[in-house]
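If you want the building blocks of each chain, they are given just below.
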Amino acid sequence: DVKVTQSSRYLVKRTGEKVFLECVQDMDHENMFWYRQDPGLGLRLIYFSYDVKMKEKGDIPEGYSVSREKKERFSLILESASTNQTSMYLCASCRELDQPQHFGDGTRLSIL
Amino acid sequence: SQKIEQNSEALNIQEGKTATLTCNYTNYSPAYLQWYRQDPGRGPVFLLLIRENEKEKRKERLKVTFDTTLKQSLFHITASQPADSATYLCAWVSGGYNKLIFGAGTRLAVHP
Chain B
12 DVKVTQSSRY
22 LVKRTGEKVF
32 LECVQDMDHE
42 NMFWYRQDPG
52 LGLRLIYFSY
62 DVKMKEKGDI
72 PEGYSVSREK
82 KERFSLILES
92 ASTNQTSMYL
102 CASCRELDQP
112 QHFGDGTRLS
122 IL
Chain X
262 SQKIEQNSEA
272 LNIQEGKTAT
282 LTCNYTNYSP
292 AYLQWYRQDP
302 GRGPVFLLLI
312 RENEKEKRKE
322 RLKVTFDTTL
332 KQSLFHITAS
342 QPADSATYLC
352 AWVSGGYNKL
362 IFGAGTRLAV
372 HP
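Top line first, the protein sequences correspond to chains B and X. If you use this note's numbering, the first sequence corresponds to residues 12 to 123, in order. If you use this note's numbering, the second sequence corresponds to residues 262 to 373, in order.
Just so you know, the hints here were simulated from the structure itself, not pulled from any lab data. Backbone N, C-alpha and C define an ideal beta-carbon position, used for all residues, glycine too. Take the hints with a grain of salt, since some may be wrong.
To be verified - Incomplete in silico selection of chain X near chain B, CB under 7 Å: (1) Q295; (2) G304; (3) F307; (4) K360.
To be verified - For lysine-lysine, the following BS3-like pairs were computed, each having C-alpha atoms within a straight-line distance of at most 27 Å: (5) K332(X) with K320(X); (6) K14(B) with K318(X); (7) K360(X) with K81(B).
The following block holds chain B by itself, in its conformation from the complex:
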């Protein structure tokens, strides 16, 4: 069974801090994704990666960057955290882009 693990369930950071969210998958999937989920807005794609060191912007990349140095790990970086980045962050992976995605349980991030 595919397992997508996010490093923290809850995280509290201060405005201006650099924040790292980590995601690891154990099924050798090519594709990995970072979403944020806000009430009433659904899941919005921040970035995705289709191979090591490859990345593409999603719908809301501003204020974020990503890193994929190894196939199993995809990191989301908030360069300088702001209060409007308080949200639930979800990582997902899949083997092919037209196949279902497997999600982690999310990181609830609060920026104070």
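Knowing the structure of chain B, use the given hints to seat chain X on it.
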């Protein structure tokens, strides 16, 4: 722009009845739709995928239909149980198959 809409109001039904959730899309015809279930504090879990050339797909008590004329997918849970209470998300793949677009989800509450 490509949009996918789900009924934002919660659906409350009695145990044993059939729950029907709606997903409407505009502007583009997706090659396929996916349905996910999300429990509070957890990531979405894939349930069913239906392609544009399939009218209906079933899995145990779940049934999905896809009407390209109405630009709509219906998700049915027959003989519903309190354990079916969750938020259900529909998603479709944008042109180029490079990302999923999610609806905001519909919360289902099944009462004993």
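Going down the list of hints, with the structure as the test:
{"no.": "1", "hint": "Q295", "result": "6 Å, holds"}
{"no.": "2", "hint": "G304", "result": "3 Å, holds"}
{"no.": "3", "hint": "F307", "result": "4 Å, holds"}
{"no.": "4", "hint": "K360", "result": "5 Å, holds"}
{"no.": "5", "hint": "K332(X) with K320(X)", "result": "22 Å, holds"}
{"no.": "6", "hint": "K14(B) with K318(X)", "result": "26 Å, holds"}
{"no.": "7", "hint": "K360(X) with K81(B)", "result": "21 Å, holds"}
This entry satisfies every hint, going by the numbered hints stated previously.
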